[in-house]
Every structure is written in structure tokens, then in C-alpha cells.
Amino acid sequence: MAQQERVDWWAGAASRPRVVAQRRAAESAPPEERAGREVYRSVQDSEAFREIRRGYRSFVFPASAGFLAWYLLFVVAQAFAPGLMRQQVAGPLNLAWLLGLGQFASTFLLTWLYARNARTKRDRAALELRWDTQDQLR
Amino acid sequence: MTPHPSHGLAVALFAVVVAVTLTITVWVGRRGHAAEDFYAGGRDFSPLQNGFALSGDYLSAASFLGVTGLIALYGYDGVLYSIGFLVAWLVVLMLVSELVRNAGRYTLADVLALRMRQRPVRAAAGLASMVVTLMYLIAQMVGAGSLVALLLGTDSGAAKTWTIVAVGGLMIVYVTVGGMRATTWIQIVKAFLLVAGSVLLTVLVVARFHGDLGALMHSAAQHSGVGDKYLQPGLKYGSSLTSRLDFVSLGLALVLGTAGLPHILSRFYTVPTARAARRSTMWAIGLIGCFYLMAIVLGLGAGAVVGAKSVKAANPAGNTAVPLLALDLGGGPDSTWGLLLFAVISAIAFATILAVVAGLTLASSAAFAHDLYARAWRRPGKRQVSEREEVIAARISAVVIGGLAIVLSLFAQKLNVAFLVGLAFAVAASANLPTLLYSLFWKRFTTRGAVWSVYGGLVPAVVLVLFSPVVSGAKTSMLTGVDFHWFPLENPGLVSIPLGFLAGWLGTVTDRERADEDGFAELEVRALTGAGAA
Chain A
1 MAQQERVDWW AGAASRPRVV AQRRAAESAP PEERAGREVY RSVQDSEAFR EIRRGYRSFV
61 FPASAGFLAW YLLFVVAQAF APGLMRQQVA GPLNLAWLLG LGQFASTFLL TWLYARNART
121 KRDRAALELR WDTQDQLR
Chain B
1 MTPHPSHGLA VALFAVVVAV TLTITVWVGR RGHAAEDFYA GGRDFSPLQN GFALSGDYLS
61 AASFLGVTGL IALYGYDGVL YSIGFLVAWL VVLMLVSELV RNAGRYTLAD VLALRMRQRP
121 VRAAAGLASM VVTLMYLIAQ MVGAGSLVAL LLGTDSGAAK TWTIVAVGGL MIVYVTVGGM
181 RATTWIQIVK AFLLVAGSVL LTVLVVARFH GDLGALMHSA AQHSGVGDKY LQPGLKYGSS
241 LTSRLDFVSL GLALVLGTAG LPHILSRFYT VPTARAARRS TMWAIGLIGC FYLMAIVLGL
301 GAGAVVGAKS VKAANPAGNT AVPLLALDLG GGPDSTWGLL LFAVISAIAF ATILAVVAGL
361 TLASSAAFAH DLYARAWRRP GKRQVSEREE VIAARISAVV IGGLAIVLSL FAQKLNVAFL
421 VGLAFAVAAS ANLPTLLYSL FWKRFTTRGA VWSVYGGLVP AVVLVLFSPV VSGAKTSMLT
481 GVDFHWFPLE NPGLVSIPLG FLAGWLGTVT DRERADEDGF AELEVRALTG AGAA
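Line by line, the protein sequences are chains A and B. Residue numbering for the first sequence is 1 to 138, as defined by my numbering. Residue numbering for the second sequence is 1 to 534, as defined by my numbering.
Hints in this document: simulated from the structure, not taken from any laboratory. Since this is a predicted model, take the numbers as computed values, not measurements. Think of the CB as a built atom: it goes at the ideal place given N, C-alpha and C, for glycine as much as any other residue. Mixed in with the good hints there might be a few duds.
Claimed, not checked - So, partial list: chain B residues that the calculated Cβ filter (under 8 Å) puts toward chain A:
no., residue
1, Leu-86
2, Leu-90
3, His-218
4, Gly-227
5, Leu-231
6, Leu-235
7, Arg-275
8, Val-459
9, Ala-515
10, Asp-518
11, Ala-521
12, Glu-524
I would like the entire structure built from these sequences, with the hints used as guidance.
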């Protein structure tokens, strides 16, 4: 991780080692690229990769559905239940303000949860698989 | 409110902003002339730097002056408007930033081209990206014209015209000379100034009310002229069923559009890894979230201290609420501190405008040169464009796009800026986001599905606006005297976003060509692990 994250912003671009990206220039792939594609296929089928994908999707899909539903519900409530939103709750705050501030809070909370999930569930495995895959591609 | 005598100082500070940004451009732009330098700033920015740059790209003058003005005038409904801009970042963080960083190189279309036939998808996504950035660019430049004129205390058409031309000229210089590296540094400096200025004013407002935010809310409601309604939903977006639906449409466009904005997506290529992209997004969410929280205090502060009536008298949209607040907090128009604070805040707003337009021009020129000129327009087997030629094309296209934006902005001066921004988000959400999400997550998605979903979102979004009250049939329409509108909403998102998703699905399931499974394997593995990433 350390050598990945190290940033040397004064260095010119040319002095940095660079991973050559696999690119498809033409529509029909040359033989060495077909070999590369088989590597990707086999990695995609590997248990290690499935574990990473599971870790990612099992957090991100429900969380996205959750915050989108919560935001849309909040917006639709302003439009179609303004009376409810005007209920005074605490001091100068009515329900609308409280839910609005709740959107801020939930955004910050989900950001933190997502980062924690990524750090603990898949960062290390993803990095290992990256070097592994790149070795196979060579 | 009449013009204030502090404009000499403001002009001097504007000149300082221009001098500093040009120095950055020349200084930073000398290093590196490869495509990676021009489009991605060498990919060696740190997460903190890129987090500031993302906030700088995102928080336009429309946020700094527009949102605070809306809050000052409409209270709660202004706050409501700002929330969509923040929540949208969760889509960016979770579904887009890391995967796009790993799978692409410079543009959105790079991600699609990994698993699709590249010429049709690049043509579609490149065009949609250019449409989105151009709309956003026009919004910013029209806003710049009227804002700078306001801040300088003149109302003359010539001042606005010259401002638009000058802002356009500066942004062309930033982009052609400095590329992404200079643009990023300008964003960083601007975001820092913006946050520092907001913190300063927020502290002053809170101190004025002795730390009692409840008192601030009450005072703002009292001075709003509408009493308690100021703190309740419905003041701006609740007058009729149509206006409420319009707000739902806008909310949907805001929350889904951010993740499809080309100038935001291209920011993720300026950091070395997906993990750095994630961390920069987290910095951006922190900065943007805190900024909008401060915007609530500033907006309410302007409502309470300056008063909604004076805010509206200075500018009907409330765009000068924050500068007026600064003037008042510093001690009023006759005090040195008041004048100084007013000038400083005006200069920050000016820096904000310059930085955002530079980011947009760069994204637009990248979409043109990298996707359209160098790839979509080349037949396989014929001579391909070299990297050097592509960068030259990108610089030239930045000049042309900048010039086009200047001309279009001069014609579009009557258009409502907030509406144009909402429209750009709607197009991004309808054309770019469905394609991007399907490509990243749907195994069966085909080239035809990708092309359909871009055009299936882009065309309805634009057509619905043409037949909306924005163009004809209302008092505030672009065209007066004719009425051919049949679509009731100003923002097309509610209809065009589902259409974009639907078209992508339909194009795929009716396609006889099977999806490229090897391509999807490469995309998935690259996106989640970073193997083979640029």
C-alpha cells in the first residue's frame, strides 16, 4: 500500500514507473490480447475475486437503495405531505428541518461506514489480486 | 441597496485573483506535455489535494452565492435545494469513483469502450459529455456576467458582455497552457479560499447571535416578511402541484446527475489508485457537507442581518446575499472592515467562477479530442491519431469550445442560471449515468444497449425542455409571443432519467448480438482490483 500511495508531485510524469494499460485499438484482438482476456476470465471465476465482489456488492447495493429511498421519500414528503413536515418537534425545529439535517448526518455516516467496509473487507485482498493478475498478464 | 463605494478594492482583489491563477498556470503548466499530463495532471495528486479540487469543481458560484441567496429569501426551501447536491456524492463514492478510476483512463467513454465496440459508444458518450459540459459552462458564464456586474455595482449590458468575454478568455488560457495540472491547482486554491471565507463569515454570524442558532432562525423568520412560513417547506416549491412535481424532478436530477458529470469523473484520474480516489471523494464529501451546513448559517444570517427585503432589492434571485452580509458583519458600508470583507468575499466568488469554468472546458475538450476526434472518427485499419496529435487537438478544441461558450453565453444572458444548472444535471443523469451503471454492473449489457441508453436519455431530456414552459408559453419563457409547450415541468429529469434506463435495457434485451463476456470480465476485474489500470 505504502509504495502505492506515495505521492511525489514534483517528479515529472516520465520519471515514474507506469503500468501499461491493456487496450483494444482495433475491433479484432491480436493473439497476446486474447491471452490477456483469458487471464481476466480466470481471475473473474476465482474464489478470491468472488469474495471481493461479494464484499463490495453486499454493502453497496443495499446501502445505495437505502439512501436513495430515504432521500426520495424526504423530497416527496415535502411535495405531498407538507402538513406533516410542518409539525414542530424541538424548539425552532419542525419535522422538515429535522429530516433535512438527518440527510446531512446520514450522508456523513454512510461515507464513514463505506470506507470502513472497504478498508476491512476488500482493500488488502484486492491489492493482492491486482499484483497476482498483473503477474499473469506479463 | 445601491452600489457600494468599495468597488475599487474589489477590482484590485479581482486583479490579484487573475494574477495568482495565471502564475499558477504558467508555473505548473511547464511540466509535462504528454496526454497523461494534459488530461489527468500526471495522476500524482494526493487524496487531500484532489478532495479540495473536487469540492472546487463542484461548488460553483451558483452554490456560494445562489444557494445562500435562496436560503436568505426562501428559508427552508433553500436548504432543501442544497441537500440534493450533497446526497448525490454517495452515488459517486459508492458506485462510481473507485470503479471509474480503475477502469478508465481520461474520460467516461473509456470505461464503456473497455467492453463495447468503441466507435459507437465513444461517439455517443463523447457527444453527451460535450452537451452536459457546454450547458453547465453556459450556466456558469451567464452567471459570471451578471454576478461580476453586480459585485462591481454596475448594471450595464456592456459590463456583463465584457465580463463573459474576459472570463471565457481566461479559462481558455488556463486550460490550453496549464492542462489538468494547472486546473487542479486552481481548484485547490479556490476551494481553500471558499472554505476559509465561509468559515470566517459563519463564525461572525454565530458570534452576532451569541451562539444561539435558534435565535438566528427566529430572527431570520422575523425579517423575512412571511413569518413562520419561512422555516416551513413550500415557500418556493409548494405553490402548485406542478411546482411540487418540478421539485421532485429537480431533486432526482441532482442526486443522480452528479455521478454523470464529466468534469467530476475526470477528477478521479488525477490520483494514482482507486483507494486514493475513494479517499479524495471522502474529503470532498466532508468539505462539501460542511460548506452546505455553513451555507445554511450564512443564508439565515443574511436573512436576519441584511433582511430579505434588502437582499431582494439588490438582486431578485438573492445572488448578492453573502457579499451584503459580509459588508454588514464588517461594520456596514461606511466602515473599513465592512468594505474589506465585502471585497474579499466578492473576490472569492470571482475565483470560484474562474475555477469552475476551467474544469468544465477541460472536460469538454477531453471528450472531444480523446473520444470523438482521436477514436470515434477513425476507421479501424486506417492511420490512427498519435498521442501528440491528440493533445494538440485537445488544446485547439479547448480554444474552440471556449469561444463557442462565450458566444452562446452572450445569447443566453436572459436564461435563468439555476435552471441551466438543473438542466445540465438532468442530462447527465439521463444520458451518462444509466450507461455507466449498466456497463459497470450488468453482465448482459451490449453495445447497442449503451448507445440506446445515451441517446434515449439525451434526446428526451433536450426535447422535453424545448416543449416546456422554459422555452415558450410562460411569462419567464425564452421566447415570448409563441406558445408550443405541452410538457408542464421545467426540469425533465422525472421523465428522461427513467427513459434513459429503459432505453438501455430495451436496447440490450432486443439485441441479437451477445454481450462481450471477455470484455466484462476485464472490466470487472480491473474495476474492483485495479489490475491493468492506467
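Next item on the list: Would you settle whether the hint for Glu-524/B is holds or violated, based on the nearest Cβ-Cβ distance to chain A being less than 8 Å?
Entry: holds, 6 Å
Checklist line | When the least beta-carbon distance from Gly-227/B to chain A is tested against 8 Å, hint result | finding: violated, 13 Å
Check: Taking 8 Å as the limit, does the beta-carbon of Arg-275/B come near enough to a beta-carbon in chain A?
Finding: holds, 6 Å
Notebook entry, point to check: Per the CB criterion, is Asp-518/B less than 8 Å away from chain A?
Noted result: At 4 Å from the nearest chain A Cβ, Asp-518/B passes the 8 Å test, so the hint holds.
Margin query: Hint validation: His-218/B versus chain A, beta carbon distance must be below 8 Å. Holds or violated?
Written below: Given a least distance of 6 Å, the restraint on His-218/B holds.
Margin query: Would the hint on Leu-90/B be counted as holding, given a Cβ-Cβ threshold of 8 Å to chain A?
Written below: Interface hint status for Leu-90/B: holds (5 Å vs cutoff 8 Å).
Check: Does Leu-235/B meet its interface restraint, that is, does its C-beta lie within less than 8 Å of any C-beta in chain A?
Finding: violated, 11 Å
Margin query: For the restraint on Ala-521/B, tell me whether the closest CB of chain A is nearer than 8 Å.
Written below: holds, 4 Å
Check: Does the interface hint hold: is Ala-515/B within less than 8 Å of chain A, judged Cβ to Cβ?
Finding: violated, 14 Å
Next item on the list: Against chain A, run the beta carbon of Leu-86/B and see if the smallest gap drops under 8 Å.
Entry: holds, 6 Å
Item checked: Restraint check, 8 Å cut-off on beta carbons, for Val-459/B near chain A -> violated, 25 Å
Notebook entry, point to check: For the hint on Leu-231/B, does the least C-beta distance to chain A fall short of 8 Å?
Noted result: holds, 7 Å
When each numbered hint is compared with the structure, violations occur for hints 4, 6, 8, 9.
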